[in-house]
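Protein chains: 4
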Amino acid sequence: MIRRKRVFEILERGMPGDTLSIVVDYGIILIIVLNIVAVIISSFNDLPVLLTRGLSIFEYLSIGIFTLEYGLRLWTAPYKYPSRRFPYLRYILSFMALIDLCAILPFYLPFIVGVDLRVLRILRLFRLLRILKLNRYNNAVELIAQVFKGEKEKILTTVFMTGVMLLLAASVMYYVENAAQPDKFPNIIATLWWAVATLTTVGYGDVYPITHIGKVLSGLIAILGIGLVALPAGIISSGFIKAISKEEQARQEAVPKTSSPGAKQVCPHCGKEIE
Amino acid sequence: MIRRKRVFEILERGMPGDTLSIVVDYGIILIIVLNIVAVIISSFNDLPVLLTRGLSIFEYLSIGIFTLEYGLRLWTAPYKYPSRRFPYLRYILSFMALIDLCAILPFYLPFIVGVDLRVLRILRLFRLLRILKLNRYNNAVELIAQVFKGEKEKILTTVFMTGVMLLLAASVMYYVENAAQPDKFPNIIATLWWAVATLTTVGYGDVYPITHIGKVLSGLIAILGIGLVALPAGIISSGFIKAISKEEQARQEAVPKTSSPGAKQVCPHCGKEIE
Amino acid sequence: MIRRKRVFEILERGMPGDTLSIVVDYGIILIIVLNIVAVIISSFNDLPVLLTRGLSIFEYLSIGIFTLEYGLRLWTAPYKYPSRRFPYLRYILSFMALIDLCAILPFYLPFIVGVDLRVLRILRLFRLLRILKLNRYNNAVELIAQVFKGEKEKILTTVFMTGVMLLLAASVMYYVENAAQPDKFPNIIATLWWAVATLTTVGYGDVYPITHIGKVLSGLIAILGIGLVALPAGIISSGFIKAISKEEQARQEAVPKTSSPGAKQVCPHCGKEIE
Amino acid sequence: MIRRKRVFEILERGMPGDTLSIVVDYGIILIIVLNIVAVIISSFNDLPVLLTRGLSIFEYLSIGIFTLEYGLRLWTAPYKYPSRRFPYLRYILSFMALIDLCAILPFYLPFIVGVDLRVLRILRLFRLLRILKLNRYNNAVELIAQVFKGEKEKILTTVFMTGVMLLLAASVMYYVENAAQPDKFPNIIATLWWAVATLTTVGYGDVYPITHIGKVLSGLIAILGIGLVALPAGIISSGFIKAISKEEQARQEAVPKTSSPGAKQVCPHCGKEIE
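Residue numbers (this note's numbering), protein chains in the order written: chain A, 10 to 284; chain B, 10 to 284; chain C, 10 to 284; chain D, 10 to 284.
For reference, chain A alone in the conformation it holds in the complex (with noise of 0.2 Å):
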């Protein structure tokens, strides 16, 4: 059984020293930028029958390593749940591993069942989602992730309340302007899109109030743009003091009791333990 481990070890980010599995992590992330480039290449016109050939002959190749290295590691699943039950299930069911099926998936899926061809091409899409395995190999997006879990309530409430704020607007924007502009208020949906468009304050002009209270309105939803901003910027300000706040305590108790044995001290520095 030493060849599952090692070929765990591989698949895992390398430990310096361990040429190889070094080696594999920049191939993998190679392979996933040229399949970015050549995503973005196919969507041009007119692109000359070699290069065509070309991306498809690169297809088949990349999409056969990513099959590959999704067999292996659910293979070495064991290892990296260790002492937890249903291993193989555990990394089925994980997020990276779930965009990693959605990434080599539609690409079998018309040899089983007979798919639109333009459903497969937006399917095909989820391809660029292998670029966030890159993140597997940084520290600061687990903590940026970390946060984002610890703020979740606060975050999905704003986010419901920007969704009651947009359906509000939108409401009173319909009876407001529809009579004046019934081609760009035609119902409440359609001035959904008015409604992101101020709130966001991206504002592109295509579609705007031209009666006095509909410009009163706009103005007080924009105004309340500028405090929708600020509520996830005020939230993932305190999640981020929290976990350095947790991190410093973390700190200040390990160090009166370095003596007792099993006390793990970590480098503020480099985030590693110090045996």
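Keep in mind that the hints are not guaranteed to be accurate.
Said to hold, decoys possible - Derived pair list, reagent style DMTMM-like, types lysine to aspartate or glutamate, alpha-carbon separation capped at 25 Å:
#1 Lys-251(C) - Glu-256(B)
#2 Lys-224(C) - Asp-192(D)
#3 Lys-14(A) - Glu-78(A)
#4 Lys-161(C) - Asp-192(D)
Hint data in this document are derived by calculation from the structure and do not stem from the laboratory.
These numbers come from a predicted model, not from an experiment.
Assemble chains B, C and D onto chain A, guided by the hints.
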């Protein structure tokens, strides 16, 4: 009087295990969401007669349910405010009850007075505010509301300062641009539309200065607009951090020493307790 | 000299119970608000002659009152700055007194020198600044002003960095877009209009790049614009938190030393001292 | 060797009383500002011949002065980095020295290689970066730079996530809108222009979706754009607060106990000291 208490329990957020109460909670949410869908659908043109009739029946039904709910909540008010005086009046004047009343009152109004149909239409929109009832089932809303309440003074000052800034910008811009674009900057009130669009950085593009001084002024206002976003963001950030540190302090103080009874000091100016 | 002290008390924020002082406070606020309304109304075209005459009389009246107020405040300056030297000069050079002077001075100027009517019109706008007097009656304004004062250096640096960024962006964009759109990007100064609209994310839509390099550059500037919002938000956040923690510290230090004479305690709710 | 030390003192920020050093500091700032003015003026069309010649002479002069300054700073580098090895190389590779080199190098380049005049023009713009030299005279800049350096990892992650979001949004939008507006959404790269304008909430209004799915997607991206502003705001906020609390801690620890010599612990992983 056991029955009235049971009705109160059912109307309040359902405790785990109290199936009936939970079913009632989700049932009311469902009716609210369906009502919003009905408002949205009825804003479309050329609806089939059958659908219009269906929406009308659904409206009668849901108004009936909401009236019943309002009545029962009023009836069980003494259980909501057990130790205070005037529980019925207290309920009627609570924020949530006023929203509930606004949602059902416009339906009964035309039976009392002959109101213009268009005004009634706008009043009917308050029905959308029913969705705020959903928030009653959410803890994060209360924290956010608490932060806004705690920072109320600062937020109002920011709003006031924004108003002053808007007025000043509009007044100066009127004198600067009026000669060049008399149709877009006809008076100070109309110029406020430009001021709001610029300060909130929405920038629809329907009104913008064309003179040199006007452009300089517009640029300054836009840069001030950034400060305008930063100020509430800072206020709300500090509000959340205050709330967190209070929580933290309460937890730390709870462990080592319990406060002696009667030790609380009262401010002679405002009569509130000093922690 | 008792009378001069009484006049000072009346002009300052009225203490509870001092009816005359409170009436004077609100009376002045009312006249300021009415003045702003008058400025707004007089910006409309085709006003009836009677209204124009009324506004003119009201202007004479309010200028009279404000001149009297200014004079009295100057007369009672020794009570405002009791222990300092040159109280009269100190008052004249204070921020609020300068605004007050700007509000009344343009009225007396044409009697002294023959000024162009259009310049006078713009000068008259400083009347709007009188509204800032309202803030004199607000505690939160002082906290916000204190935070801005405390973070002055950082804010000025941000403003300076913004200026540099704008200049750099405009200069590069001029060289990039000048050939393609010579009418919209004629020189660096004119290109600053695009730079401000993009960096502040206003985006009116009257000027935008059409070349490929110009679009890339514009995208980079817009993304930098996000950082530009984030930086002052962070500065002001930390400023508020600093102010809060100072307060917190002051309160904590105030508790153990309550027995010592002269250690005045402040109520955290209303901010007043407890004797 | 006393002279070289004196030259170093003069070039560094002048100490109070050292008149010559202060004069040199402000003289260099003046030349930098005049250079920027010259760049701006030379971007205007139809300048009189005399002015063009004057600007040219001024350019030769200031390049001479800046070259001299660069040479003297290089010469006095051993005083800037007294205890470290390779002081000259260290100076050449420092951020400020690289900017200084970029400001003077393009002037000497045409004498060496035959470069296209248009490329040279763009290179000449680096002259504007000289203004960053002004920051050398500012304390707040260093704090801001420190915060950005401390939060570098998180900021880069945010930038990276923004890039991924832009790519994903542009890719999906291309497939959604390409059929309806082939001229505005011709390929994924061109669609990035829409993605940037929406995510940063600039919204010029030259490109926006017209299909229903496209509008929904655009709305979602605009709302995500709000989160994009909130995230760096939170990161920078926490960075400033970290910097403040460190300062605070340092002050508090400085008073009661001085650290014993040699008590500093070093992390075995990264070799940095642990405070």
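Verification of the supplied hints:
For the given pair, Lys-251(C) sits about 18 Å from Glu-256(B) by alpha-carbon distance, which is consistent with the 25 Å threshold. For the suggested pair Lys-224(C) and Asp-192(D), the alpha carbons sit about 16 Å apart, so the restraint of at most 25 Å is met. Annotation: proposed proximity of Lys-14(A) to Glu-78(A) holds, straight-line Cα distance about 15 Å (limit 25 Å). A hinted pair counts as satisfied when its Cα atoms are at most 25 Å apart, and Lys-161(C) with Asp-192(D) does not qualify at roughly 48 Å.
When the structure is compared with the earlier hints, a violation turns up for hint 4 alone.
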